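Undergrad: One-letter residues, chain by chain:
There are 4 protein chains.
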Amino acid sequence: MTIGIIGATGYAGAELIRLLLGHPEAGNLILASGSHAGERIEDIYPALRGRLSSVLVSPAKAIAESDCVFAALPSGVSEQYAGAAVDRGISYIDLSADFRFDDDEAVYSAWYGKPYTRPELRERSVYGLPELNRLRIRELAARGPVIIGNPGCYPTGASLGCYPCLARGLAGEGPVIVDAASGITGGGRELSRSFHFPECADAMSPYKVGAHRHIPEISRNFSKMAGRPVQLVFTPHLAPMNRGILSTIYIPLGPLPQGLPSDRPPSPENAERAGEIRELYAGFYRDEPFVRVLPQGAAASTRGVRQSNYCDISVHLDQTGTTLIVVSAIDNMVKGAAGQAIQNMNIIFGFDESLGLGGIPAAF
Amino acid sequence: MTIGIIGATGYAGAELIRLLLGHPEAGNLILASGSHAGERIEDIYPALRGRLSSVLVSPAKAIAESDCVFAALPSGVSEQYAGAAVDRGISYIDLSADFRFDDDEAVYSAWYGKPYTRPELRERSVYGLPELNRLRIRELAARGPVIIGNPGCYPTGASLGCYPCLARGLAGEGPVIVDAASGITGGGRELSRSFHFPECADAMSPYKVGAHRHIPEISRNFSKMAGRPVQLVFTPHLAPMNRGILSTIYIPLGPLPQGLPSDRPPSPENAERAGEIRELYAGFYRDEPFVRVLPQGAAASTRGVRQSNYCDISVHLDQTGTTLIVVSAIDNMVKGAAGQAIQNMNIIFGFDESLGLGGIPAAF
Amino acid sequence: MTIGIIGATGYAGAELIRLLLGHPEAGNLILASGSHAGERIEDIYPALRGRLSSVLVSPAKAIAESDCVFAALPSGVSEQYAGAAVDRGISYIDLSADFRFDDDEAVYSAWYGKPYTRPELRERSVYGLPELNRLRIRELAARGPVIIGNPGCYPTGASLGCYPCLARGLAGEGPVIVDAASGITGGGRELSRSFHFPECADAMSPYKVGAHRHIPEISRNFSKMAGRPVQLVFTPHLAPMNRGILSTIYIPLGPLPQGLPSDRPPSPENAERAGEIRELYAGFYRDEPFVRVLPQGAAASTRGVRQSNYCDISVHLDQTGTTLIVVSAIDNMVKGAAGQAIQNMNIIFGFDESLGLGGIPAAF
Amino acid sequence: MTIGIIGATGYAGAELIRLLLGHPEAGNLILASGSHAGERIEDIYPALRGRLSSVLVSPAKAIAESDCVFAALPSGVSEQYAGAAVDRGISYIDLSADFRFDDDEAVYSAWYGKPYTRPELRERSVYGLPELNRLRIRELAARGPVIIGNPGCYPTGASLGCYPCLARGLAGEGPVIVDAASGITGGGRELSRSFHFPECADAMSPYKVGAHRHIPEISRNFSKMAGRPVQLVFTPHLAPMNRGILSTIYIPLGPLPQGLPSDRPPSPENAERAGEIRELYAGFYRDEPFVRVLPQGAAASTRGVRQSNYCDISVHLDQTGTTLIVVSAIDNMVKGAAGQAIQNMNIIFGFDESLGLGGIPAAF
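Just so you know, the sequences run in chain order L, Z, G and X. Numbering-wise (the numbering used here), the first sequence opens with residue 28 and increments by one. Numbering-wise (the numbering used here), the second sequence opens with residue 28 and increments by one. Numbering-wise (the numbering used here), the third sequence opens with residue 28 and increments by one. Numbering-wise (the numbering used here), the fourth sequence opens with residue 28 and increments by one.
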């Protein structure tokens, strides 16, 4: 297969290259870039020297000559390329937000500031969280080219962390709170004061509190999973590391029983109840190749998933047993971006879903 | 003044030394250690070379020869030393948890696994969060030697972040959730797998979820501040940095009004309301020398307080305006330990509260 | 093939596991440990969860049941295991220093403080730097089981950086100086004050200046490459990163011509001469699968080889053109340990030398 | 005193502010910036909030209203400002390279690409390495306003590391090699691909090998110290840390005695000889307030000088005793920039040389 990557010079593009060079079905890569066309990829990523020295071409050329196209572009520009791909009869896997909201244009335009220019493309598009929409992806693929709205990095970690609990109706009244920390690659390759080493090293900072564009995407996933509207509070943070997203998620189970003091150590019943919920999670994800529910007592860490497509999940309770605390860890560039996109490609083409994604997490 | 430091070789001890060497009233330091007595401090901390080459003495000797004693010891051993200090008529500033719970021995023993051995000492002890108990510290000091239960690092950041909101009755039903990330110095100088560089660098991990010993301390502070029991959910994390604690705190303001969608961008009214609460915070802390309420739109970062005694606070609302999100940043070793202990010493002795604590945060 | 790993719980062991799980010929892994026998590897490396849950066995069992054995042990204990392996007729790839000195027991015992216990094993052993000894490895393998003395991390980077220049007789009078910085994994998994996060993060330090055990190994390689004794000065440093060794190597080309000022910017002739030496390097390594000589003007960085088996080399001259400055970058855990060990296995068994080692360096 | 800082928004400017706010004689700061005039400094450095909220003014205004001016500007623009300051009768402490070369305009213009525009200003200028030129600074100051050419960061560490050895004639034939690693603040506040977190974190890289502009400055210092031309080879590196420069310096003592093997462990005589040289260093620097010669066996680390004005030096020999290896550590922003500039101010005004520079290094 010949695979095109539009936006190949950004970090998600570079990660797609790294992973696809190890994918047995990816015979040939065509790299495209609006701003770097004509340059050699190895001059931008010296790590690739000796492995891939392609000259970057135009997006149009990549679409014209590929059997499948990935696009790692800023939100707001993918509709034209996706349309061109579908017109040529090939699938388009979009890592931007442009196809993540199906026909809910109102929510998309409220957060991204633009209307849909080709709303009819949503007939061929699907939100590409395989654990949620695997069947829908297959159905669409059976009928022709597919447009994948590949999930955002934070939404992937948050949604996988909550799916079993929301689907099984465990969540009580009140908002689900997602507190997440991301490595700096999440900010992309563009230079920015926030990502200048001396301004982010050795420090933790929140950003876009109560206003991050991933809010509607997570909220939408939660509501679908629960089958009812779920209120979300979300705060992203920058952590001084290259990769990874750790999401600590607070799900209300019910009010504190009257008279119960809330400042005592967890009781043995608490551990037992946590163990039951952990079992529910483990059962729910039993057949998922990339979700690992950790044994009780362990806590998910970005270290455990580094450079892999895994989402590790650990299940905890607060000391009173009234708040479920779920921790999920992903590599923001793999399961949170390029790896999940390839997982979607594997589904579209009927390959084993893990093909090319078998890398062991690097413990250090 | 001659000042004793028991447990001088640990990280909090080292930070006390660093700060006290710049304190105009600290004429002489006596360093003590149970396990390192007889060694030179400069052999343990080469940074001190040329500035302080004291030989470490026994705790008893430090108490016998000082005008005031700081103790940076593990919890569970301070009562004997505090008693000896009070018997000699000198104040004892304890950085462990042993004097943080006043006469609530039940809560202390439930979390720390030991009873009080000298409960009567609590008549002379006070929880040393100056913003909360400044007057009580002064009162006690007017009557004789004082034992300070110097607050824990997480409790300092969490409590200062919530005080105005709890004291003014803004918090609605449901738990207050504190999600906090600490630099690795929080784990102390003892070797441990968790703090071995390759196992914590470039990674984020939670620990002791729902079971950390700072839960009862934070909970107790919240309830005192609110004048009613406040339920707390608390999750600490390790971030790959040397210093700092960032606490992101979720305080329920009230239920989502019926019919209001929760996935829309924040409205202008939201920003206005956040601004009002920010004003309330700024007014509340107007006279506090070490609490800085940031302007609306800014977000607290550990970078802004590095190596200083400041607590920076920023105030936000979620997109629906129903959850207050407060972010507080402290240096865990300064306002979260040694700096606050010196602030307490300044209060006890009637010095300017900022004496020796005027260091500007290091921006990098 | 069934492959045994003795010392599987250390960092080099963990990296062998990570790489061998992706090696097409490694059908089965037997993990052994003296101190952790009976434990599950996934409890020590949670990253392995779901991929390998082997119970660790004794070294003897690993040797008895494998077709090839890797040993990642401290120096001084491999002779017994290597002997047992050879007696069983299987090859033994030793990551310690025990088989790096062939029959030069005097040098080994001077630095490692022990005599050989089974000197006769050196008849079957070879120093496993493939770029230097590939043919000798093949010859030995053709005659029976082989013992590989897998090179040290620093010696690999230093030796590959100097080989072309020494072999072609470019080096003039005076010592070759190797100044190298290693990531903290180089210190291993054992807890140590030096590797406690707050004591090494955000800092650079040299160690064992003029006294590191890799001195005789590098020195020996240099002398073999040059065909004459080469004097070496070597200083290792710890850099605050997980992986990688950057070696900056100073090779005297000749004295400064009389009357030439040494403080002027490099002349155009200088760049030309550097380009010629760069060509010599590129030609020398033309057929090496894992050595990349960078284009003139680029500088080798550990970033370019992260988690790969590559050694990147850049060639420079000082401003006077009288000192050759070569920079080499490797991942200390891959080309500097586990990857090179697998490369040796591939040579022994006649596999493609790159088998299982094709991972693209992670740019971030 | 009123003190002006031109270029106050850069990192050296910010560090001058941090240190001068703690300087007892710095009554008032006037901050100036060409590009940020009109902005508030606290909006650029939130760490300063509550301590300094000055509006940035023009450089001309700072010169017109100050008693002494610091300039932290790129090289090539200071002559006009220095001239204006001297015309007003005030001293000008320049952190750029413009006044580091006295009347050796040829070397300056060869490396910096510009001629002197006001060569006559060198009559009032002096290279501000206090350990070398303290008397000359005092002499000039006694006669009127002084222009300080404040040393570069690398030259400070390298020159202090070599001064005793060169002045006492220990260095033999051949170049002195300086291999140095700097924290990322050395690159300044301007955004750049090289300093984007994901491109420099967790990695080591050399840069400008054989071509860095500090070569002529170091070379010049060495030659002055030795009283004869000294050849220099210099390689700077970027290390993934905020602050600090570690310089490992190789000084040839003489040729290897014939017949002496160079690959044996250091002899006891070697340690003795190293101890003698260490004593020479300690004696040489006995009265220097900011140079600490470490005890034999210790090695200088950037950790030991973090955020202080110290230069720590350790003295070693290679295993043969023919190469002296000196390691020096400074904080690049303090002794390597702002701290040294203030030390120069203290000398000019006859203050205690340590005034405002007494901060203890932060051990973490």
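Calculated from the structure, these hints are not laboratory results. Just so we're clear, the structure is a prediction, and the values are computed from it rather than from any experiment. Fair warning: there could be bad hints in the mix.
[Said to hold, decoys possible] Straight line, CA to CA, 20 angstroms or less: simulated EDC-like cross-link-like pairs of lysine to aspartate or glutamate:
no., chain 1, residue 1, chain 2, residue 2
1, Z, Lys235, L, Glu200
2, G, Lys235, X, Glu303
3, L, Lys235, Z, Asp94
4, G, Lys141, G, Asp129
5, X, Lys235, G, Asp129
6, X, Lys88, X, Glu66
7, X, Lys235, G, Glu296
8, G, Lys235, X, Asp129
9, Z, Lys235, L, Glu106
10, X, Lys251, X, Asp129
Undergrad: For every hint, state whether the structure bears it out.
TA: So, going through the hints one by one against the coordinates:
1. Among the hinted pairs, Lys235 of chain Z with Glu200 of chain L is inconsistent with the structure: their alpha-carbon atoms are about 26 angstroms apart, more than 20 angstroms.
2. With a CA separation close to 19 angstroms, the supplied pair Lys235 of chain G and Glu303 of chain X stays within the 20 angstroms bound.
3. The suggested pairing of Lys235 of chain L with Asp94 of chain Z is violated, with an alpha-carbon distance near 49 angstroms, which exceeds 20 angstroms.
4. The hinted pair formed by Lys141 of chain G and Asp129 of chain G meets the criterion: a straight-line CA distance of about 15 angstroms does not exceed 20 angstroms.
5. The hinted pair formed by Lys235 of chain X and Asp129 of chain G fails the criterion: a straight-line CA distance of about 40 angstroms is larger than 20 angstroms.
6. Proximity of Lys88 of chain X to Glu66 of chain X is assessed by CA-CA distance (about 15 angstroms); at most 20 angstroms being required, the pair is judged to hold.
7. With a CA separation close to 17 angstroms, the supplied pair Lys235 of chain X and Glu296 of chain G stays within the 20 angstroms bound.
8. Under the criterion of a C-alpha separation no larger than 20 angstroms, the hint pairing Lys235 of chain G with Asp129 of chain X is inconsistent with the structure, at around 40 angstroms.
9. Proposed proximity of Lys235 of chain Z and Glu106 of chain L is contradicted: the alpha carbons are some 46 angstroms apart, above 20 angstroms.
10. Only pairs whose Cα atoms come within 20 angstroms are accepted, and Lys251 of chain X paired with Asp129 of chain X is accepted, the gap being roughly 13 angstroms.
In summary, the numbered hints that this structure violates are 1, 3, 5, 8 and 9.
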